[in-house]
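J.: Protein chains in written order, with our numbering: chain A, 33 to 281; chain B, 161 to 469.
Fair warning: there could be bad hints in the mix.
[Unchecked claim] Only pairs whose alpha carbons sit at most 27 Å apart, straight line, appear in this in silico BS3-like list of lysine-lysine:
(1) B:Lys283 <-> B:Lys223
(2) B:Lys331 <-> B:Lys307
(3) B:Lys266 <-> B:Lys230
(4) A:Lys277 <-> B:Lys223
(5) B:Lys185 <-> B:Lys307
(6) A:Lys277 <-> B:Lys283
(7) A:Lys277 <-> B:Lys230
(8) B:Lys362 <-> B:Lys185
(9) B:Lys223 <-> B:Lys170
(10) B:Lys427 <-> B:Lys381
(11) B:Lys229 <-> A:Lys277
(12) B:Lys170 <-> B:Lys362
[What the hints assert, rightly or not] Distance ranges between label pairs, derived from CB positions:
(13) A:Leu266 <-> B:Leu219: 31 to 41 Å
(14) A:Arg126 <-> B:Arg364: 33 to 43 Å
(15) B:Lys170 <-> A:Phe271: 21 to 31 Å
Keep in mind that the hints were calculated from the coordinates and are not lab data.
Note that CB positions come from ideal geometry on N, CA and C, so glycine has one too.
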Amino acid sequence: MIALIRSEWLKLRTVRSNITMACFAVILPLAITLLTTVFIDVYSVDDATVSVVLLGSGSLSVLLFGIIGALAITQEYSQGTIRLTLAANPHRIRAYVAKGIVLAILSGGLAAFIILVGNTAGVAILDSRGAVGKLSNGDMGQAYLALIAIGILVSLLGMAIGTLTRNPPSAVTVLVLWPLLFEALIGGLLSVAFSESIFKWLPFQTGLNALRLEDYELDFGRWGSVGYFGLWILTVSMFALVRFKRRDA
Amino acid sequence: MITVEGLTKKYGSTIAVDSLSFTVKPGRVTGFLGPNGSGKSTTMRCMIGLDRVHSGIALFDGKPYQELKKPLHEVGTLLDAGNAHSGRTARNHLRWLAMSNGVSSKRVDEVLELVGLMDVAKKRVGQFSLGMKQRLGLAAVLLGDPKVVILDEPANGLDPEGIRWIREMLKHLASQGRSVLVSSHLLSEMALMADDLIVIGKGRLITECTVPDFVNQYAKKWVVVKSPQLTSLVSLAQEQGMHVSMGSNLAEFHGAEAAMIGELAAKNNVVLHELSTQTGSLEDAFLEVTADAVQYHGHAETQSKGVAS
Ligand SMILES: Nc1ncnc2c1ncn2[C@@H]1O[C@H](COP(=O)(O)OP(=O)(O)OP(=O)(O)O)[C@@H](O)[C@H]1O
Ligand SMILES: [Mg+2]
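With the rest of the complex left out, here is chain B (with noise of 0.2 Å):
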């Protein structure tokens, strides 16, 4: 179990996390999510510690992270790819964090196993590439078989299968009780892990939810219909005001309830072969929150450039 409140983390002027209050629940996936900038890296840093924060608390099972004896064996935490040492070879770099908090070098060897590394342990990390840094990084987080695990963007880098891995991977540390906070911009990988999710925006909380409670709350929602006399259907929905988009051999039916539709349709005789009620992804409804609270927007050219004949 995590508690952060009212966390506050100030970089000279720029207020990169603004009195954040959140849980993370054991037995629980919760997603970390916020547009660039937003301040998730940062709050993480906060909570272990390793940036002083200017007010606010993060507790761990009630203890704030400075009062933890042997910290890996409590918290689990991926930043940066691991942050390990170019020049060091993979076990040692496992070995000199494994033997800080008095971890056997046996746990080094069955971590390095689990995430795949075991052929490279002795190579050098500055030979590994971004992913295979990422999977040393995890191998950090298990050594201390940890009850709550925090991890900053982690499958950045990893291939599919190394990235199905690590959905599997912390659903199922969840599924032993451990509390798992992991940030990430891969919605639809959240989508199938997270349980909960926390969204914050310039660094202050949006919300704080289950996965299937933030889609239903913010993504749009649509009724789609399949009828031979499309037509008629959408001109009689079209004169109650409803937005129709019209395709082929398919209407969508904007800001309407299924039931509406079903029964205007049965008020005048249209025949009905599809009426279905469509949800936007997670992803829909992250833009649809954070759309306020996007710092750096991208933009698409428009205008070629240098066509001049």
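Pulled out of the complex, with its shape left as it was, chain A reads as follows (with noise of 0.2 Å):
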């Protein structure tokens, strides 16, 4: 399993486009974070704003590792490779694993290193523009790692996504319609059909809801929420799965 997750990692940062993707992925949180930092009036600083900077920068990178992961399968396909993937290791659920585990490990420790440099660096500049009272809070530390957790899971979704898609941009734009178009519009219709409740349920709200810095107003709290997003990226990963063992490469 090892040289197995070695040899993914390798396919994964020869790529260029993966490579680009990531630095994209970093540099957007980190460049809002900083902006808002140096322009914004020190007066109006609280203990909230690195962080809600961050989170809410962050979770364009969620979708960015989305794409990565997507990009990881359904390239393969397009290029041909999945057959020499195959072909060395014909085990296919070993194979999918491994896939993912390589992009668990390269989306959390990406999204971990865009927290810490950005509320590093979103703190110190604050500090020395000469903001007044405290800069970070309590909640701030479950709400990063939450994010750390969603961006995980995103990313592993848009894998399981590109295994049943195949084809890149397909992959790609059901990744960015569901939460953009999809969860809007099926809530919508059935919010006026039941009632508001009916948003709770829809994934990727209910996912990125996680990473509001303040949990108390969330149905499911914090980890429930992940947790929620979590049950649904486990079983479009299983279906995937399954479609990835039966069909010919």
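Put the two chains together into one complex; each comes in its own frame, and the hints tell you how they fit.
T.: Here it is, written out as structure tokens:
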């Protein structure tokens, strides 16, 4: 398994588009956080400023992790390498899991890096600009951990969707439209028919809610929301894995 | 040793491979022949578990591919010009593959050298020509030093030097006791390198035998005669119902044995300058055998179009 993981890691990092995407996923939230802390009116700053900006911009990175996950598998189909992958390792579940582990480590690691650098730099900048009062708060740590968790989950979701569609553009489209369009649309329609409470069952909405700084008003709480989102991804992944095992490569 | 037993693969209602059975022996190059769409590539994909079969099994020294621990050490496969990612360099392509089966990166450089791609090892595969991709695919085959080698049209896109190189390579691999299964439409090449043949048509086995047996059994034979009294010999033969075609200074006797012609000549005091048996090529034999199994025919353009004044 270690050999497979190392092989998958080499595969991931030797494709330029993955590197570009990963850089983008890191630079985007850091740039937003830095620009905000440099230009914000220091007197309006409070203990949540840095983390709110970082968590908000971090959810863009989460989507990019998902795209990396989708491309990691769909490119194998579009480039034909899936045949070599499975010839080198005919145990398909293991092949899937190895790729998943590599994606999880990558997105979890990048998310942690973003948080560490973004938070440290953001606080330091506000400090140097003479912001008064505390720049961190008690909910921050949990929310940051949730960002890492959601990042991992979305990259695995991307991989699962990619396994099902096998085609880079359609996998990315499904992944991006799911939170941005489908959930809004379906939620909107269902809430008319039923009630507002339907929103809490929408996986992406709930998952991204876990990134709020304060989780007091969340239906499932922070980790309940992460868990609910995780269950969805587990289901989609299981479905993908079954298809992956059965279909011709 | 490869044993394929009752392999059947359907795509929807198309039966691509139909209860196909054959063996590939160690120490020999086995040619895998069949017209376009006869199911060669599909068979190879099914053998290594890429395509799911409906029934049947392929065994490598008694084991199905799925049970091989580090398959690259047992079976080397080349399908579709290597299946490499166009954005990766040649070396990185081989490195990830090597890593998955615990092959050292020293071996990666060895095989790159072996296939003549060392100078372009750091180039992206997207910039490679078809022949270079084939060579890269071959490097991947050799990576694990496998006992069984399966190649789908490896000569496709190679230059004459490359074609000869691959022929020598496959013969060499077989001489070391490996089992080599290779498909190709280049029948003159096949005649030079293959020991055994598996011929399929419409997914079914047509014949499985050695190359000489195949040619002997299926290729046309005729007798060539040179003689100063050619016309009288020809009319004698035609009286006996033989089919003869005349050239300027020689005649070809179809459906006859050399001995018959020799005796006929001796009996009638005809002087012979040459009496030899000719056999058709592997190509002739192949076309003869697969005539009924060809699904996609080409047609000669017999009427010129658009010549109206
Ligand atoms: N993925 C697929 N889906 C549907 N049909 C397929 C698929 N792959 C192959 N076939 C069909 O299976 C049959 C065998 O195809 P295959 O590619 O194995 O032939 P082949 O002997 O390799 O031909 P060629 O000499 O042209 O390479 C063909 O009728 C083809 O249309
Ligand atoms: Mg083919």
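J.: The structure should be examined with respect to each hint, and the outcome stated for every one.
T.: Each hint, compared with the structure:
1. Among the hinted pairs, B:Lys283 with B:Lys223 is inconsistent with the structure: their alpha-carbon atoms are about 38 Å apart, more than 27 Å.
2. For the hint pairing B:Lys331 with B:Lys307, the CA-to-CA distance comes to about 14 Å; that is within 27 Å, so the pair holds.
3. With a C-alpha separation of about 18 Å, the suggested pair B:Lys266 and B:Lys230 falls inside the 27 Å cut-off, and the hint holds.
4. Of the pairs offered as hints, the one joining A:Lys277 and B:Lys223 holds, with about 20 Å between alpha carbons and a cut-off of 27 Å not exceeded.
5. Using a Cα cut-off of 27 Å, the hinted pair B:Lys185 and B:Lys307 holds, with the two alpha carbons roughly 11 Å apart.
6. The straight-line distance between the Cα atoms of A:Lys277 and B:Lys283 is roughly 34 Å, outside the 27 Å bound, and the hint therefore fails.
7. The suggested pairing of A:Lys277 with B:Lys230 holds, with an alpha-carbon distance near 19 Å, which does not exceed 27 Å.
8. About 24 Å separates the Cα atoms of B:Lys362 and B:Lys185, which keeps this hinted pair within 27 Å; it holds.
9. Proposed proximity of B:Lys223 and B:Lys170 is supported: the alpha carbons are some 23 Å apart, at most 27 Å.
10. Restraint check for B:Lys427 and B:Lys381: the C-alpha separation of about 24 Å stays at or below 27 Å, so the hint holds.
11. The hinted pair formed by B:Lys229 and A:Lys277 meets the criterion: a straight-line CA distance of about 18 Å does not exceed 27 Å.
12. Our distance criterion of 27 Å between C-alpha atoms is met by B:Lys170 and B:Lys362, whose separation comes to about 12 Å.
13. About 36 Å separates the C-beta atoms of A:Leu266 and B:Leu219, a value consistent with the hinted range of 31 to 41 Å.
14. The given range of 33 to 43 Å is respected by A:Arg126 and B:Arg364, whose C-beta atoms sit roughly 35 Å from each other.
15. In this structure, B:Lys170 and A:Phe271 meet the distance hint of 21 to 31 Å, their C-beta atoms being roughly 24 Å apart.
Hint check: violations occur at hints 1, 6; the rest are consistent with the structure.
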